[in-house]
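Participant: This is what each chain is made of:
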Amino acid sequence: MFLNGVEQLIRRKIVLVAVLASLAFLGFYWWGVSAAAASFSRGELTAWDPQTEMLVEMLNPADAALAALITAVPLAATLITALTIVLGSSMLPDEISRGRMPFWLSLSQTRMRVFLGTGLAPLAVSLCLSLLLLAGLMTITGIYFPFNPRSIPLALLSMTVWLTVVWASVTVLSVLLSKVASMVITFFLSGVSSMFGGLYELIRQFPGDAPPAILTIAKVTMVVFPADRGFRGLLYGIIPQDAVVTQNMAFFGVSASVPLLHLAYGFLWSLILLGFGYIRFRRTDF
Amino acid sequence: MSKEDALSISGVIKSYRKVKALRGLDLTVAKGESFSLLGPNGAGKTTLMKIILSLVRADSGEAFISGIPVGSPAARRGVRYLPENISFPQWATPMILFRQLERIRREASREEFMERCSELDCADLAERPVGKMSYGQRQRVALSLVTAGRPEMVFLDEPSNGLDPAGRIVVRNLIRNLSSAGVTVMLNSHLLGEVERTCGSAAFISRGRLIAQGDIDSLSRQKGMALIETQDAPAMIEALSSAGYGCSRADRGVTAVMADSEGFRRLCAVVLETGVPFSGVSLQREDLEEVFLRIMGADGSKEAGDVP
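One line per chain: the protein sequences are A and B, in this order. Okay, so the first sequence: first residue is 5 according to this note's numbering, each after it adds one. Okay, so the second sequence: first residue is 84 according to this note's numbering, each after it adds one.
Next comes chain B alone, as it looks inside the complex (with noise of 0.2 Å):
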């Protein structure tokens, strides 16, 4: 374990009666990281930010928070989390609920409150009862309060649930703000696309265990295809056909399909040599759906050891 080291987990084991939910997990996130756990349901992304934050104690391996065991309060401090589906008493303002917050917590000032409400475009629910808003008004007051002021590390566990398009960008924005300013954020979410625009690593959890772990983008592989933006997408097909090329049409223009590594080179002189006007050649790269289809199977079956 390093100093910089945010999160340290090794050899956890938790059991709920005969169901093993994690079979000797081992798992490290840096500092400053936005991180985000994956898997299918059941495969125990849940229990591990759990044990993390002591809610669950696990039957034997150990996890630390910053180098300090998590059974211990001190390992809190600066940590924040925002659980799925909390409800807040319904006569309580987002006012009332920071002073309860802030009377354990004692980490943020009532103006830090306010800006992140602004951030989170919810400063004019401030006075509000919680009964009287909608659930997406819920849910930006949630993380409002649990974001405010400077936190250390933020556990958010489906934060974008029932939020408009416009709510989950406001959202990705603040993972990003809050990554930016430092903050180790662990991200537990559904949304793919979500994780990754704002997540710059993840860990892939099957069955108990963690299967693959590293940047997105290092996780993400070059699907052997390569996008050539152009508005004459059926001469495009034909001349690059007629070149030996496996073509199809695509949403901005035509897939090509390379032989091999080398492939691209050859694939934009060609190109070049068509003679159809064209705006951009890209090589495509496996979106966080494919990468996780690939990694975790289908159906979530695969164990460590099996990742293609």
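Same shape as in the complex, but just chain A (with noise of 0.2 Å):
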């Protein structure tokens, strides 16, 4: 069932225009890295130091490579959260509604197989062009700013975290309700987990500035829908260790640390939500 469902969705067009937007994106961003790489190699990034009123060149190449990346990751974010949505919410509804979802059962094969099968093949799509364009903006970024990224695989745990997090509730929604429903609900839900995860950064920078209820929302945003301290622990993990700039980086939306503590409950929840979401299934009339 996987693999026929990843067959199924590579085959369609919005995987494809996906791929040409990461392609462009990809291609966008190597135009536009390459010119400031231009500038920096004349000496242009430089900073005005107060304290000794002189110009000096307090940025080294890890620091622009640190801006290049906060700048091309949430966009590229936003695109995968998307495709992730589009493709999760329509896997098994357009199974159910084309009337193949009762052929596929009388086979002989567990529900569970078919609703994972089935289920599993858009977050596999998702992650391979997540890693076409993580792997895309580290080397195109790493060619004109050398860099020494924090951890590689803490950037990769932490992505699949926040894809599956996105996954599993909309392929759950996309159970419970209609299509539509279940793309509209997951995306306010991740957009509103990335709002509160970069003021909970904001406010552990500045605690005393920021009413308590704020915090509060945050963390409860953090437990009910833990996609964002997957994407801040990507964004943590591929950030340059050599840069700078290493102090209040929550003005990026960077974590100060990522406990793995919080990617192991993303992925608890994850399996419960998903746990939920068959049991659905399993009981469904077909």
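Honestly, the hints are just simulated from the structure, not real lab data. Among the hints, a few may not be true.
[Stated by the list, open to error] Interface residues of chain A toward chain B, partial, derived using beta-carbon atoms under 8 Å:
| no. | residue |
| --- | --- |
| 1 | M5 |
| 2 | R15 |
| 3 | S43 |
| 4 | R104 |
| 5 | Q113 |
| 6 | D289 |
Where a beta carbon is used, it is the ideal one built from N, C-alpha and C, also for glycine.
From the two separate chains plus the hints, produce the assembled complex.
Facilitator: Structure below.
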């Protein structure tokens, strides 16, 4: 079922459009970064030091890499989130509405296999495209601004958790609600989670200035829909460890640290949600 | 339940909220039988078929395929199902669909699939995308996919829908071939003529209960009439009327009403005595439509125990 699902998805126009959009995105990114690199080599990336009242070269290539990645990754993430939501919301409902689900279920296989096989295909496609984008962004950045990322394994793990949370919620919602409703709700939750995730980092940076209610809401959001912790983990993992700008990273939405417990929670949350979705699917009459 | 039973269902009850679709239905189908579920719309035929295929869960009761409870995937090994109005992805060719199916069922080779396509007159469509096929072509392809290889049991839900007369003949021949190869075929169709030509037995279901079951031949009764095939119908009508028979004109001659079961022999003797040329005399039996109407009533409202 999984291979059939992947085959079915990669033949869809939306996946082709997403691949082309990703390549175009990488192309523009390459163009922009190479232009910035030309400026950098001419020594234009300098800063005014108010203490010495002198123009100093305070930014190294890793800082430029940080700036480039912080600009590009959230945009790429929006593309990936949208693709995951569209694919995840359509796979199971399409098989049901086109009358193919009874056909698959009548074969000698369990409902669990059908549910996971059909459902996992969109996650696999989204993860592949995310890897393509991430690898492209890192490579292009590294060519012009050599840097050492903090932790690629952490970035990959976080990316998987982030996409798994989005995929699990849209898959389960698509079993319970209509396709459009599941898309809208998941997109809304992703947006809210991202906003409060960023606020949470700012509040942690400046705890005295924030109303406690916002911190509470941000924490509740992270518990209810833990996608953002994965996304912040991705950012945390890929940013250059040798950048001069290492303080006040919350301005860029980057976490000061990403406890692995948060990622484990996101993964567990997805499993519980999927379990709920599977129970509903198993009880459905087709 | 016997080991020779392909299907065994007992006391199956299913309700959809307040609607009782099946009310304690019992049914047994022998292996290799070509069988049809008949009944008015809403009688519970599709629900029953779906319970057997584990697509719908029964509220209570038991159902077995070859002795294995229907909930187990092992029960569906060798079982094939063609749902009504299935829609395959537009880009997919029959070969791609076959490959996808075989990833799961692993029961038929490419050669066996092509063989079935040839039998269903659609071998030339093997590499054509489904989106570029007519409805009838798609239905033939779907039948080829479902029946490729050596299935043990085939469930067909309205397989002749949308097919032209030539297509219907092809489907009819397919069902006969499957049946003669020992495959149990369960057909759900509103086309009683097709059922009569292809199935050996039938079950009549009304309001979620089994009303009657058996060989179609044994369910069909003599109509108490005989057909006398003759070119000179007026002369035959006149001669038989004068002998006391109620007669009427038929397509190929004259129908005569007989008083009792012994009357056929007497009628044959009378026909011979008339001297009117004739080519044959045969007893008239109910066709399946007439059997259906007698068993189910014109509005399909008969209950178990009401069967005349």
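Participant: Work down the list of hints and note, for each, if the structure agrees.
Facilitator: Hints, one by one, checked against the model:
no.: 1; hint: M5; result: holds, 7 Å
no.: 2; hint: R15; result: holds, 5 Å
no.: 3; hint: S43; result: violated, 47 Å
no.: 4; hint: R104; result: holds, 6 Å
no.: 5; hint: Q113; result: holds, 6 Å
no.: 6; hint: D289; result: holds, 4 Å
Checked against the numbered hints above, the structure violates only hint 3.
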